[in-house]
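Engineer: Going line by line, the protein sequences match chains A and B.
Take the first sequence: its position 219, counting from 1, is numbered 219 in this note's numbering, and each next residue is one higher.
Take the second sequence: its position 308, counting from 1, is numbered 752 in this note's numbering, and each next residue is one higher.
No wet-lab data here; the hints were simulated from the structure.
Keep in mind that a hint or two might mislead.
[Said to hold, decoys possible] In silico lysine-lysine, DSS-like type, Cα no more than 25 Å apart, as pairs:
hint, chain 1, residue 1, chain 2, residue 2
1, B, Lys607, A, Lys32
2, A, Lys163, B, Lys476
3, B, Lys607, A, Lys9
[What the hints assert, rightly or not] Ranges of calculated distance between the beta carbons of each label pair, as one might list FRET restraints:
hint, chain 1, residue 1, chain 2, residue 2, range
4, A, Arg227, B, Gly829, 40 to 48 Å
5, B, Glu582, A, Cys370, 52 to 60 Å
6, A, Glu73, B, Ser461, 23 to 31 Å
Even for Gly, the Cβ is constructed at its ideal location relative to N, Cα and C.
2 protein chains.
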Amino acid sequence: MNIIEIIDKKRRGLTHSHEEIATLVRMMESGKAHDYQISAWLMAVCIQGLNMDETTWLTQAFVDSGKKIDLSEAGGVVVDKHSTGGVGDKTTLALIPMLASAGVKVAKLSGRGLGFTGGTIDKLEAIPGFKTSLSGIEFVEQIQKLGMAISSQTADLAPADGKMYALRDVTATVASIPLIAASVISKKIAAGADVIVLDIKYGSGAFMGTLEEAKDLAFTCREVGKRLGKSISTVISAMNQPLGYAIGHSLEVIEIINLLKGQGPQDLEDLCVRLGGVALIGAGRFDSLEDAENTLRAELHDGTALAKFKTLIQAQRGDVAILEDFSLLPQPDRVLMVPSPQSGYIAEIDALEVAKAAKLVGAGRLTKDCPINLGVGVVLRKKVGDAVKEGETLVELHAGDKDHWEALEVLKKAFHFSLEPVTASPLIEEVLIGDVWQKPSVKV
Amino acid sequence: MNIIEIIDKKRRGLTHSHEEIATLVRMMESGKAHDYQISAWLMAVCIQGLNMDETTWLTQAFVDSGKKIDLSEAGGVVVDKHSTGGVGDKTTLALIPMLASAGVKVAKLSGRGLGFTGGTIDKLEAIPGFKTSLSGIEFVEQIQKLGMAISSQTADLAPADGKMYALRDVTATVASIPLIAASVISKKIAAGADVIVLDIKYGSGAFMGTLEEAKDLAFTCREVGKRLGKSISTVISAMNQPLGYAIGHSLEVIEIINLLKGQGPQDLEDLCVRLGGVALIGAGRFDSLEDAENTLRAELHDGTALAKFKTLIQAQRGDVAILEDFSLLPQPDRVLMVPSPQSGYIAEIDALEVAKAAKLVGAGRLTKDCPINLGVGVVLRKKVGDAVKEGETLVELHAGDKDHWEALEVLKKAFHFSLEPVTASPLIEEVLIGDVWQKPSVKV
Numbered sequence: 001m002n003i004i005e006i007i008d009k010k011r012r013g014l015t016h017s018h019e020e021i022a023t024l025v026r027m028m029e030s031g032k033a034h035d036y037q038i039s040a041w042l043m044a045v046c047i048q049g050l051n052m053d054e055t056t057w058l059t060q061a062f063v064d065s066g067k068k069i070d071l072s073e074a075g076g077v078v079v080d081k082h083s084t085g086g087v088g089d090k091t092t093l094a095l096i097p098m099l100a101s102a103g104v105k106v107a108k109l110s111g112r113g114l115g116f117t118g119g120t121i122d123k124l125e126a127i128p129g130f131k132t133s134l135s136g137i138e139f140v141e142q143i144q145k146l147g148m149a150i151s152s153q154t155a156d157l158a159p160a161d162g163k164m165y166a167l168r169d170v171t172a173t174v175a176s177i178p179l180i181a182a183s184v185i186s187k188k189i190a191a192g193a194d195v196i197v198l199d200i201k202y203g204s205g206a207f208m209g210t211l212e213e214a215k216d217l218a219f220t221c222r223e224v225g226k227r228l229g230k231s232i233s234t235v236i237s238a239m240n241q242p243l244g245y246a247i248g249h250s251l252e253v254i255e256i257i258n259l260l261k262g263q264g265p266q267d268l269e270d271l272c273v274r275l276g277g278v279a280l281i282g283a284g285r286f287d288s289l290e291d292a293e294n295t296l297r298a299e300l301h302d303g304t305a306l307a308k309f310k311t312l313i314q315a316q317r318g319d320v321a322i323l324e325d326f327s328l329l330p331q332p333d334r335v336l337m338v339p340s341p342q343s344g345y346i347a348e349i350d351a352l353e354v355a356k357a358a359k360l361v362g363a364g365r366l367t368k369d370c371p372i373n374l375g376v377g378v379v380l381r382k383k384v385g386d387a388v389k390e391g392e393t394l395v396e397l398h399a400g401d402k403d404h405w406e407a408l409e410v411l412k413k414a415f416h417f418s419l420e421p422v423t424a425s426p427l428i429e430e431v432l433i434g435d436v437w438q439k440p441s442v443k444v
Numbered sequence: 445m446n447i448i449e450i451i452d453k454k455r456r457g458l459t460h461s462h463e464e465i466a467t468l469v470r471m472m473e474s475g476k477a478h479d480y481q482i483s484a485w486l487m488a489v490c491i492q493g494l495n496m497d498e499t500t501w502l503t504q505a506f507v508d509s510g511k512k513i514d515l516s517e518a519g520g521v522v523v524d525k526h527s528t529g530g531v532g533d534k535t536t537l538a539l540i541p542m543l544a545s546a547g548v549k550v551a552k553l554s555g556r557g558l559g560f561t562g563g564t565i566d567k568l569e570a571i572p573g574f575k576t577s578l579s580g581i582e583f584v585e586q587i588q589k590l591g592m593a594i595s596s597q598t599a600d601l602a603p604a605d606g607k608m609y610a611l612r613d614v615t616a617t618v619a620s621i622p623l624i625a626a627s628v629i630s631k632k633i634a635a636g637a638d639v640i641v642l643d644i645k646y647g648s649g650a651f652m653g654t655l656e657e658a659k660d661l662a663f664t665c666r667e668v669g670k671r672l673g674k675s676i677s678t679v680i681s682a683m684n685q686p687l688g689y690a691i692g693h694s695l696e697v698i699e700i701i702n703l704l705k706g707q708g709p710q711d712l713e714d715l716c717v718r719l720g721g722v723a724l725i726g727a728g729r730f731d732s733l734e735d736a737e738n739t740l741r742a743e744l745h746d747g748t749a750l751a752k753f754k755t756l757i758q759a760q761r762g763d764v765a766i767l768e769d770f771s772l773l774p775q776p777d778r779v780l781m782v783p784s785p786q787s788g789y790i791a792e793i794d795a796l797e798v799a800k801a802a803k804l805v806g807a808g809r810l811t812k813d814c815p816i817n818l819g820v821g822v823v824l825r826k827k828v829g830d831a832v833k834e835g836e837t838l839v840e841l842h843a844g845d846k847d848h849w850e851a852l853e854v855l856k857k858a859f860h861f862s863l864e865p866v867t868a869s870p871l872i873e874e875v876l877i878g879d880v881w882q883k884p885s886v887k888v
């Protein structure tokens, strides 16, 4: 079957065979299928869909296109965590020491930020000296010794996914649940961990607009993982307002350190504890989510997780003095306060608009090679549900030497007010562990 | 609005504005939109469709992308005819002299064959000396003097359609009624005729598989033409078996000459007369289809159309001796007879398989620059409904010096038999003149 016949089949809404999916990926890699043919197929998939078999075969073909990391030498159950991306989402930084303290190994490969979501690797580079690029051997050895390691993801894991994603990005074919699932799961499988926890975001600041889509993606990821022999648990969390208060690289590192000192924002602590709890259950360390979460929450408040984070920074050659002296982190040139135009309650903070403002002052990239300013960003002073008086500071803009007026305007528009008290919608909607949806009894 | 937003809109099944369609075509032409972006949009269109407004705007954008032929100097009502392509479809060759004899002007720009359908320009090149490439001035002057001219279509008419079609051909996005309509109508509008007649084929040997699809295409073409100020009439004809008996360049020229001598196959005569009748009504020469058809049929039998064809060949420097001596046309190297494997009735002749056999012996192109053999092809001896005895010749294969065994095998498989008498389905289904479907009272 040639590439045109394969494309035509999906155009007509038919189902591919394993061989057809494998052929398509092989032809894309060898250049026998042209970009314009792959993009036509991608659009057909976006509209007609892929079933669970096809999604699994695509995931497998992505995995087979590159190298696979062997973590068998790491010793013990290894956990990996992935988020579909959100504004102010810095949970990975805290989860690595939290999980390692709780006795599971953590092997984390992360990317750089692109678009509106920050990259964990970029955030770590705000820590002077922190080495974000470990060799394969260094990575495994550090997990063995320290129980955790983080390194920037190399292009040799699932390279076919990388190639296809680059096309999706410029052809309006990102928004497809099977394509997102194959992309996420293939990289996680190639990265070699035993237990995978996914944080699937939905809402105005996320890829998945609705809870239903997020559940669909969670179920697809879980099922594809199962078919490929990998245990995947998912947490579905809201991304209607930024997570925590800080958006920007230095600013998010500071917020994480505060969290590890037991002084973090409640929503950030709740999500880290929930994600960590789900991971510990997946790894077989606990039977009850409540017990797992209590252990993790205790670590945040008794200094255990902070101490573990210190050993991670040391191991990867970062300056641990930043834990006590935030002025050692990259700084903004100026901090501007945005006063509230009215009294009332915060009804909504548009996460995407806040991210746009941060990007405008230099915290985000336009293309893969753009430099970013690690010292700038946004700090919310108020979140949804908070009362505010006219003239009181709503939000701080940490700006660089670039023009900041447009960012200020965008930031102002992100806030919506109500004269009546407002209750924020729950942060964590549902958790999928094993095959059952668990509506957490205690909503956080 | 950028190209990704335009693609995304169609992915989601939304309707484009006039500005979006014009922008997309402009960006494709300037290279600002990449092939992989256009092909993603094409696939979205194939699945989500274009409404009549969008199809009209696309057609207009194609027309505006190139030059328009001005036929105002041709003097009088100028007719153009187009077929969506079929096997053995040689009606254009006869219609030019038939219509010119009936007193309307005929301005015909034709293409070369690609895929399984023969090109009129290739067929004319079987006539020694025939000049198929006229300049714009020569073309108009000949119509003025002689009432008719045919020339090969240049790339400067609706070039944006040419570019888009090249992409559709390799991305499984040909099969879209709005895209086909925009492609056909834009070239016809740029070609400048006042009256356009379309022969829309359906069946196993045509782009449109079913009568319903053919009617949909006919209606779309008619409506788009109307919105752009052009009168378009359509005839819907079956393409389940080849039209006439001859497939191949010299062979089809011979069949046309026989038709113009009043000795053509009945189905070919019927279709030429119907298409011509519809054109004459469109041009205002007749009020009744029956009167128009009677006039045209008379021309075929009293030598008028043949004489007119002779003046066309003379004007375009072809050798008129071919009208009496077919051996002056390109010849095959050998003629092989295929005997019937059984006695009975011909139930079906697969047009596509017959075309494949003709292509295998050299009558068709694989790519645009392939040379073709004008002397080879296929001559049917039996058509659907005919009785046949075991061993009697079913079909002749006119072969060149290439290996012909595969072609023979394909040809044998094209014939299906019945032990019971078979009635062929009607050749002409419906005619759309003005806004009403006319089921012809006399089916042919």
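Engineer: Work down the list of hints and note, for each, if the structure agrees.
Structural biologist: Status of each hint after checking the structure:
1. Lys607/B <-> Lys32/A: Judged against 25 Å, a Cα distance of about 21 Å means the pair holds.
2. Lys163/A <-> Lys476/B: Within the cut-off at roughly 21 Å; holds.
3. Lys607/B <-> Lys9/A: OK: Lys607/B and Lys9/A at ~24 Å, within 25 Å.
4. Arg227/A <-> Gly829/B: 40 to 48 Å: Because 55 Å falls outside the window, the suggested range is violated.
5. Glu582/B <-> Cys370/A: 52 to 60 Å: At 57 Å between Cβs, range holds.
6. Glu73/A <-> Ser461/B: 23 to 31 Å: About 59 Å separates the Cβ atoms of Glu73/A and Ser461/B, which means 23 to 31 Å is violated.
Checked against the numbered hints above, the structure violates hints 4, 6; every other hint is satisfied.
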